[in-house]
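Listed below are the residues making up each chain.
Number of protein chains: 2
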Amino acid sequence: MDTKLLDAYADLIVKTGANVQPGQYVVIRTNVELEPFASLVARKCYQHGAKRVFVHWQSAKMDQVDYQEASEEVLSDVPSFEEEAHKFMADHTPILIWIDGDDPDGLKGVDANKVARIKANKYKVIGKYREAQENKAQWCIAGAPTKAWAKKVFPDLPVEEAIEALWKAILKTSRAENGNGIEEWEKHEEDLKERCEKLNSFHLTSLHYRSDRGTDLTIGLIPGVIFLGGGEKTDDGKFFQPNIPSEECFTSPWKGKAEGIVYATKPLVYNGQVIKNFSARFHNGKAIEVKAEEGEEVLKSILSLDEGASYLGECALVPFHSPINDTGILFYNTLYDENAACHLALGRGFTELYPNHEKYSLKELEKRGINSSLSHVDFMVGDDTLDITGTDENGKEIPIFVHGAWAF
Amino acid sequence: MDTKLLDAYADLIVKTGANVQPGQYVVIRTNVELEPFASLVARKCYQHGAKRVFVHWQSAKMDQVDYQEASEEVLSDVPSFEEEAHKFMADHTPILIWIDGDDPDGLKGVDANKVARIKANKYKVIGKYREAQENKAQWCIAGAPTKAWAKKVFPDLPVEEAIEALWKAILKTSRAENGNGIEEWEKHEEDLKERCEKLNSFHLTSLHYRSDRGTDLTIGLIPGVIFLGGGEKTDDGKFFQPNIPSEECFTSPWKGKAEGIVYATKPLVYNGQVIKNFSARFHNGKAIEVKAEEGEEVLKSILSLDEGASYLGECALVPFHSPINDTGILFYNTLYDENAACHLALGRGFTELYPNHEKYSLKELEKRGINSSLSHVDFMVGDDTLDITGTDENGKEIPIFVHGAWAF
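Chains as they are written, first to last, in this note's numbering: chain E, 1 to 408; chain R, 1001 to 1408.
Read the hints as simulated data drawn from the structure, not as lab findings. Wrong hints could be hidden among the right ones.
What the hints assert, rightly or not - Calculated pairs, DSSO-like style, for lysine-lysine (alpha carbon to alpha carbon, straight line, at most 27 angstroms): (1) R:K1004 x E:K119; (2) E:K51 x R:K1124; (3) R:K1119 x R:K1004; (4) E:K193 x E:K172; (5) E:K108 x R:K1051; (6) R:K1087 x E:K128; (7) E:K233 x E:K51; (8) R:K1061 x E:K51; (9) R:K1061 x E:K151; (10) E:K51 x R:K1114; (11) R:K1051 x E:K147; (12) E:K147 x R:K1147; (13) R:K1276 x E:K147; (14) R:K1087 x E:K124; (15) R:K1286 x R:K1276; (16) R:K1286 x E:K168; (17) R:K1168 x E:K87; (18) R:K1124 x E:K119; (19) R:K1061 x E:K15; (20) R:K1122 x E:K87; (21) R:K1147 x R:K1124; (22) R:K1015 x R:K1114; (23) E:K151 x R:K1122; (24) E:K87 x R:K1119; (25) R:K1004 x E:K61; (26) E:K51 x R:K1276; (27) E:K286 x E:K147; (28) R:K1114 x E:K4; (29) E:K286 x E:K114; (30) E:K147 x E:K4.
As the structure is a computational prediction, the values presented were derived from the model and not from experiment.
In isolation and in its complexed conformation, chain E is listed as follows (with noise of 0.2 angstroms):
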């Protein structure tokens, strides 16, 4: 790939996603394999003014080899060290950029429920320097190609030219390919904001699915939380973009308040697994039954993470002929997949729609709605035959998708 358009792809993260500023911590979280542009980043954020840069390198195929050969209650231990870079974060609340590559299929074969309660033991450590840093300082995630994730993509394509399609479906999807991000970002972001306006604006208490594949979902909204897209604010008013690319305008839905079924429009993956044509029938905001072609096993083990992971965590409203959708590729990568279409997700709610969330403990916005686990797994569940339907403060219907594009 041109080291121009890598270049100001770098640029794009550090300035507009993450927003560096002058003396902050940055945390690198990136694949081993992405070495050369992560530490492109790295420098990036060096001449913003970062104080220091931290890298945690991440690595599926020695994960696969500690979940396949060592016991649950070994790697349910987190090891001194680990805890204390988890303290670390939640005192200095560094800002973290996530460089995605993974292995669509990095843990395949794996026990997923033992990957599940792992991890579930895990949080009882460190949850609590988890959530000493929500809001505290900014986030970006954006993609970067691995061979594994680019050989999934492009399967025909022999490796080299894989990540190199990979690398200009990435850039195309992040508004990069032209090398001026950071000004396609400026105008992309009063778009969002302009249509999250109008959401507000209509006072909606629920939304109904329907499509012709067989979605019938009612979801309660509550009073107040707001639809977000695009850019987001820390507490202490730093603005950030989470996510490269973002088409959504979502929302955190009243937990407790879910009725009938949804089906998915595109597999899912999850844990360095994939999830194939599923549903998920919900009664009082839970997910009571889930059935997939492909992967239900790992679909009941994102679940049975904790109690909150049955419940839903978001609604997030993209139309169907966004610009990812009409690559026409399947990213197999929640970052991008997510963006082409509407969706769903299954647990963690996002406390920073709550109004004036930092009056609030995570316990009190919890029992207000936002729904609270240590997992977030979103799910598409948009198609070009989707309606969604609003409902607002006085029972007035209002068309919100038609046909899978904004009624509006």
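Fit chain R to the known structure of chain E by using the hints.
Below, chain R alone, put in the same frame as chain E:
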């Protein structure tokens, strides 16, 4: 490279090298590029009973960014989680397996003095944890090719062929080229032990080095300190091979007793920078003058690291026609190049060579002549003109090396 040979090489490292025992912790330190081989080694560790394997990923590209972009003050600070990781190692004394594939030019252009000062500053915090690990657990260094290292050794080959050629050279010099490394090392161990027993029977008090290149150096030896080769034992008796390959019989000389000049016979790679054609003049044991055609500043930075860095810590005897030298390959990596020829080391000596060393503190051992330093830097002094003559307790001269080969 043939997967069966790599599998057998991983077995050699884990079984013969580290001698992993049930219930032990293991830390694998390796380059991010070596993920595939490192994860194979990790799996072998578990299969030999390791309780848990942690990986400490290294990236010269990221180090370069840090050293170029962040201040000495910032980089000298040891963050709490990094200190905790050192403390964990001091408390739990895991086995250390270092799979070395460092780019010999990885830190080219970086201020070597800055690197040295940062390391010295950090050692003030982490030194006590490092020292607490001395002789407590097995450790093993072995190599695996990264792209940059392979291209440095085989600059005329395309990168994939260079990697293949370096794998072949690594397996050959590690006695692992036929997949029966474990048996080969049993024989090799016997040979080295016999050679060391002979050396120890002489009760030498000094070694005099002389070569056509101009070397004329006399080094004092501490009474009772032994020559060791091949395998070593931890304080609690676990046998291990710290270096794969290893061709040397080595001892720790008497700090303060070295007079004369020595000329290096191969380039030295230090912290990702190359030092070529250099000499060092010693007086009262200290390197008081160094000269180098290339990298003189780097060489001086080595000496300035701390008080012990300009004194000798090792004398190692390797015949000029060693299996490694006979490959005719310059590896630009100490693990291999040091086993190609007689070498000396500046910096830290080997406390485990002192009789009943476990009864003394590091400070006491230093008073008794074992040099102490943060660094230990090997450099090659052997060629086919090198004569080494020992003097025993009675003043009798004993030829040790003649024309670069064992005299006995």
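Hint check:
1. R:K1004 x E:K119: 35 angstroms, violated
2. E:K51 x R:K1124: At roughly 22 angstroms apart (the allowed maximum being 27 angstroms), K1124 (chain R) and K51 (chain E) satisfy the hint.
3. R:K1119 x R:K1004: Between K1119 (chain R) and K1004 (chain R) the Cα gap is close to 39 angstroms, so the pair fails against 27 angstroms, i.e. violated.
4. E:K193 x E:K172: 21 angstroms, holds
5. E:K108 x R:K1051: 23 angstroms, holds
6. R:K1087 x E:K128: 23 angstroms, holds
7. E:K233 x E:K51: Holds, at roughly 21 angstroms.
8. R:K1061 x E:K51: Holds: K1061 (chain R) and K51 (chain E) sit about 18 angstroms apart, inside 27 angstroms.
9. R:K1061 x E:K151: Roughly 26 angstroms separates the two Cα atoms, so the pair holds.
10. E:K51 x R:K1114: Distance of about 17 angstroms is within 27 angstroms: holds.
11. R:K1051 x E:K147: 31 angstroms, violated
12. E:K147 x R:K1147: 16 angstroms, holds
13. R:K1276 x E:K147: 38 angstroms, violated
14. R:K1087 x E:K124: 23 angstroms, holds
15. R:K1286 x R:K1276: 21 angstroms, holds
16. R:K1286 x E:K168: 58 angstroms, violated
17. R:K1168 x E:K87: 45 angstroms, violated
18. R:K1124 x E:K119: 36 angstroms, violated
19. R:K1061 x E:K15: 22 angstroms, holds
20. R:K1122 x E:K87: Holds, because 21 angstroms separates the two Cα atoms, which is no more than 27 angstroms.
21. R:K1147 x R:K1124: 34 angstroms, violated
22. R:K1015 x R:K1114: Distance ~39 angstroms between K1015 (chain R) and K1114 (chain R) Cα, so the pair is violated.
23. E:K151 x R:K1122: 42 angstroms, violated
24. E:K87 x R:K1119: 25 angstroms, holds
25. R:K1004 x E:K61: 19 angstroms, holds
26. E:K51 x R:K1276: 36 angstroms, violated
27. E:K286 x E:K147: Measuring from Cα to Cα gives roughly 38 angstroms; hence the hint is violated.
28. R:K1114 x E:K4: Not OK: K1114 (chain R) and K4 (chain E) at ~31 angstroms, beyond 27 angstroms, violated.
29. E:K286 x E:K114: 23 angstroms, holds
30. E:K147 x E:K4: 22 angstroms, holds
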